[in-house]
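4 protein chains.
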Amino acid sequence: MNDEPGQQGAPDVGEQPRGFAEEIGVEWIDLDPDGARARIEVSAKHLQPYGIVHGGVHAALAESLTSAATYFAVKEDGKVAIGQSNDTAFLRPVREGTIEATAVARHRGSTTWIWDVEIRDAEDRLCALCRMTIAVRELRD
Amino acid sequence: MNDEPGQQGAPDVGEQPRGFAEEIGVEWIDLDPDGARARIEVSAKHLQPYGIVHGGVHAALAESLTSAATYFAVKEDGKVAIGQSNDTAFLRPVREGTIEATAVARHRGSTTWIWDVEIRDAEDRLCALCRMTIAVRELRD
Amino acid sequence: MNDEPGQQGAPDVGEQPRGFAEEIGVEWIDLDPDGARARIEVSAKHLQPYGIVHGGVHAALAESLTSAATYFAVKEDGKVAIGQSNDTAFLRPVREGTIEATAVARHRGSTTWIWDVEIRDAEDRLCALCRMTIAVRELRD
Amino acid sequence: MNDEPGQQGAPDVGEQPRGFAEEIGVEWIDLDPDGARARIEVSAKHLQPYGIVHGGVHAALAESLTSAATYFAVKEDGKVAIGQSNDTAFLRPVREGTIEATAVARHRGSTTWIWDVEIRDAEDRLCALCRMTIAVRELRD
Numbered sequence: 023m024n025d026e027p028g029q030q031g032a033p034d035v036g037e038q039p040r041g042f043a044e045e046i047g048v049e050w051i052d053l054d055p056d057g058a059r060a061r062i063e064v065s066a067k068h069l070q071p072y073g074i075v076h077g078g079v080h081a082a083l084a085e086s087l088t089s090a091a092t093y094f095a096v097k098e099d100g101k102v103a104i105g106q107s108n109d110t111a112f113l114r115p116v117r118e119g120t121i122e123a124t125a126v127a128r129h130r131g132s133t134t135w136i137w138d139v140e141i142r143d144a145e146d147r148l149c150a151l152c153r154m155t156i157a158v159r160e161l162r163d
Numbered sequence: 023m024n025d026e027p028g029q030q031g032a033p034d035v036g037e038q039p040r041g042f043a044e045e046i047g048v049e050w051i052d053l054d055p056d057g058a059r060a061r062i063e064v065s066a067k068h069l070q071p072y073g074i075v076h077g078g079v080h081a082a083l084a085e086s087l088t089s090a091a092t093y094f095a096v097k098e099d100g101k102v103a104i105g106q107s108n109d110t111a112f113l114r115p116v117r118e119g120t121i122e123a124t125a126v127a128r129h130r131g132s133t134t135w136i137w138d139v140e141i142r143d144a145e146d147r148l149c150a151l152c153r154m155t156i157a158v159r160e161l162r163d
Numbered sequence: 023m024n025d026e027p028g029q030q031g032a033p034d035v036g037e038q039p040r041g042f043a044e045e046i047g048v049e050w051i052d053l054d055p056d057g058a059r060a061r062i063e064v065s066a067k068h069l070q071p072y073g074i075v076h077g078g079v080h081a082a083l084a085e086s087l088t089s090a091a092t093y094f095a096v097k098e099d100g101k102v103a104i105g106q107s108n109d110t111a112f113l114r115p116v117r118e119g120t121i122e123a124t125a126v127a128r129h130r131g132s133t134t135w136i137w138d139v140e141i142r143d144a145e146d147r148l149c150a151l152c153r154m155t156i157a158v159r160e161l162r163d
Numbered sequence: 023m024n025d026e027p028g029q030q031g032a033p034d035v036g037e038q039p040r041g042f043a044e045e046i047g048v049e050w051i052d053l054d055p056d057g058a059r060a061r062i063e064v065s066a067k068h069l070q071p072y073g074i075v076h077g078g079v080h081a082a083l084a085e086s087l088t089s090a091a092t093y094f095a096v097k098e099d100g101k102v103a104i105g106q107s108n109d110t111a112f113l114r115p116v117r118e119g120t121i122e123a124t125a126v127a128r129h130r131g132s133t134t135w136i137w138d139v140e141i142r143d144a145e146d147r148l149c150a151l152c153r154m155t156i157a158v159r160e161l162r163d
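Chains as they are written, first to last, in the working numbering: chain A, 23 to 163; chain B, 23 to 163; chain C, 23 to 163; chain D, 23 to 163.
Check the hints yourself; a few may be wrong.
Pairs of lysine to any residue residues, derived as SDA-like cross-links and limited to a Cα-Cα distance of at most 25 angstroms, are as follows [claimed, not checked]:
hint : chain 1 : residue 1 : chain 2 : residue 2
1    : D       : LYS67     : C       : ASP56
2    : C       : LYS67     : D       : THR133
3    : C       : LYS97     : B       : SER132
4    : D       : LYS97     : C       : GLU37
5    : C       : LYS97     : C       : ASP56
6    : B       : LYS67     : A       : VAL64
7    : D       : LYS67     : C       : GLY73
8    : D       : LYS67     : C       : GLU37
9    : D       : LYS97     : C       : ASP99
10   : C       : LYS101    : B       : ARG159
11   : A       : LYS101    : B       : ARG159
12   : D       : LYS67     : C       : GLN38
13   : A       : LYS97     : D       : THR133
14   : A       : LYS101    : D       : LEU161
The following label-pair restraints were derived from C-beta to C-beta distances [what the hints assert, rightly or not]:
hint : chain 1 : residue 1 : chain 2 : residue 2 : range
15   : D       : GLU44     : A       : GLU44     : 35 to 41 angstroms
16   : B       : ARG117    : C       : ALA144    : 43 to 49 angstroms
17   : A       : GLU37     : C       : GLU49     : 48 to 54 angstroms
18   : A       : LYS97     : D       : ARG128    : 28 to 34 angstroms
19   : A       : LYS97     : B       : ALA66     : 21 to 27 angstroms
Source of the hints: derived by calculation from the structure; they are not laboratory data. For every residue, glycine included, the Cβ atom is placed at its ideal position computed from N, Cα and C.
Bound conformation, chain A alone (with noise of 0.2 angstroms):
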C-alpha cells in the first residue's frame, strides 16, 4: 500500500468515529487489543431492500474496530495501520436493535495483525464473523 498519511490525518486516543465510522454510527466501546469492542444502533439506513442489516455494515463495523484498535497499539512506534483484507461471512440476519463486535488480536507481528472479530445482535445471537488483516507499516513522512 502506498498511503502516506500525514500526522494531521492520525486519529488520538480516545478519539471518536470520524469519516465513514462515524457516517455509519460506529461507537467505540474498548480499544484493548484483547477483546476490543464498538457498535452500531441499526436503523433504517443500514438495510438492505429485505430489511436486514447489509452485510457492508456488519464488514465496516469490523475494520473500523480492528483498524482503531491496531492503530492505538502501534502507533508509539511511529507506525500507522491499514487494512489489508476483510473476510466476512454472515451468519444470522439482523433487523433491529443493536450489532456489536468483539475482536481478539490472534496474530500482532511487526508488518501483520489477524484479528477474530464476532458480531452479536442485541440478544446476543452471533450473527457475522470477520477475519480483518491489517498492515502495519512505518508512517512515512
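Position chains B, C and D against the provided structure of chain A, taking the given hints into account.
What follows is chains B, C and D alone, placed relative to chain A:
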C-alpha cells in the same frame, strides 16, 4: 440463513439502489451476471481518518452489486439472494474521484453463486478485489 | 455441488482417516463439534523448499478435521458434508515436531456449517488460523 | 513471519517441485506471473472418503504454484516469498483425470503479492477458485 423476505420488500428490475446501498451512493451501471457494474462517487463521508476510502465502502459496494445482480437473475425462479460471505482485499488506497466495481459470476449453482469483483479508481487502477458468495434460497411466503 | 456419494463411500464413526488425510498423516484426536482435534507428525514430506510446513498441509489438516466432524454430526439425519471454502492464514512457520488443529463449529445451519480452526505447534504456539465453510446436503441415492 | 531460509534451501529457476509439492505430484507448466500454470494427475491418494479430490489438494496446488512463481520473480532482488493466506472455494468435485491451476498475479507490491487462481478439470470445467496472498520479504542471512 433464516431470513424471510416478503414480496413487498423485494426490489424490482430497474429499480435504483435502496437502503444502505443508496445511503453510501451506489449507482448501478449494469446488472448482467457476465459483467455487472456499479460505482460510487467518493466524498468525505466515505473516508477513514487517513483520508482514504474506508475498506467497508469497497466491501459494501461489491456486496450491493453482486447481491442485486444475483437477485435479478434468480427472481424469475421464485428465489432470493442473500450474502453468505464477503472476502475483500485492499490493494491501493483511493483518496478521491470514483470507485467502480465490475463483477463476474464465476459459479451459478442452485444454492450458491460465487462472484469475482474488481474495484478500480477513476484512473482505472485496480484498488480492491472481492470474492462474494451469495446464498440462493427459495422465497418462503 | 453435484457430488453424489454412495453409502459405501461414507466413513463410519470411529474410522481412521482415509485417502488424502491418511496420505498426509492426519490422526483424529476428537471429532466433537465443540472442540474437534487432529494432528500431524511433521516429516520431510510435509515441507516446502525453505524447510517449513507447506501451507497446503495446514489447509488440508483443517479441512480433513472439520469435514469429518461435520459429517459425523449430520450423518444420523441422512446428510453429507462437503467442503465449500477453506480460508487459511499462516502466522508462524513450523519446521518440525507436530501440528495440532483444534476446531470449533461456530455456525451449525441446515445447509452450512462454519468452523474456526487453530493450528498450533508442539510448543503450543499459534501457527495458522482457518475458517472452513462446509456445505451440508441431503444424501442422494 | 520469522522464517529464515538459507540459500541452500532456496529453489533454482527451472527446478522441479520438491517437498510437499513433489509429494502430491505437482508439475510446473509455466511460472510466468501473467499466467502461471501447474497440474496434478489425480490418483487415489488425492481423494477424500467420498471419492472426490480433497480440498487440501486444490489448496496445496494453488499455493505451490503461486509461491514458486512469486519466488522466481523476486529472487533477483534478494527476496523470498512466503504464503500469508490461502482462500480456496470449491465449486465442482473432481473424481479423476487431472486438475490444472492457472494463476494471475493481480497485485505485485513490495511486501505482498496477490494471486487469483483457477483450477479446472480435464474437461476444462472450473472446479475451484483460490486467492493467494504471498508475503515478500528480504532474505535474511
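Decide if the proposed pair is consistent with the structure: B/LYS67 and A/VAL64, CA atoms, cutoff 25 angstroms inclusive. holds (18 angstroms)
Take the C-alpha atoms of A/LYS97 and D/THR133, compute the straight-line distance between them, and say whether it is at most 25 angstroms. With a Cα-Cα distance of about 20 angstroms, the restraint between A/LYS97 and D/THR133 holds, given a limit of 25 angstroms.
Within 25 angstroms, alpha carbon to alpha carbon, are A/LYS101 and D/LEU161? With a Cα-Cα distance of about 23 angstroms, the restraint between A/LYS101 and D/LEU161 holds, given a limit of 25 angstroms.
Quickly compare the C-alpha distance for D/LYS67 and C/GLY73 to 25 angstroms and report which way the hint goes. holds (23 angstroms)
Given the hinted pair A/LYS101 and B/ARG159, is their Cα-Cα distance within 25 angstroms? Answer violated: A/LYS101 to B/ARG159 is near 45 angstroms, above 25 angstroms.
A/GLU37 paired with C/GLU49, Cβ distance criterion 48 to 54 angstroms: holds (50 angstroms)
Holds or violated: are the alpha carbons of D/LYS97 and C/GLU37 at most 25 angstroms from each other? violated (45 angstroms)
Checking one constraint from the list: CA of D/LYS67 to CA of C/ASP56, max 25 angstroms. Satisfied? violated (29 angstroms)
Between D/LYS67 and C/GLN38, is the straight-line Cα distance small enough, at 25 angstroms or below? holds (15 angstroms)
Falls inside 43 to 49 angstroms, the C-beta gap from B/ARG117 to C/ALA144? holds (47 angstroms)
Checking one constraint from the list: CA of C/LYS101 to CA of B/ARG159, max 25 angstroms. Satisfied? holds (18 angstroms)
Determine whether the Cβ-Cβ distance between A/LYS97 and B/ALA66 falls within the hinted range of 21 to 27 angstroms. holds (23 angstroms)
Violated hints, in rising order: 1, 2, 4, 9, 11 and 15; the structure is consistent with all others.
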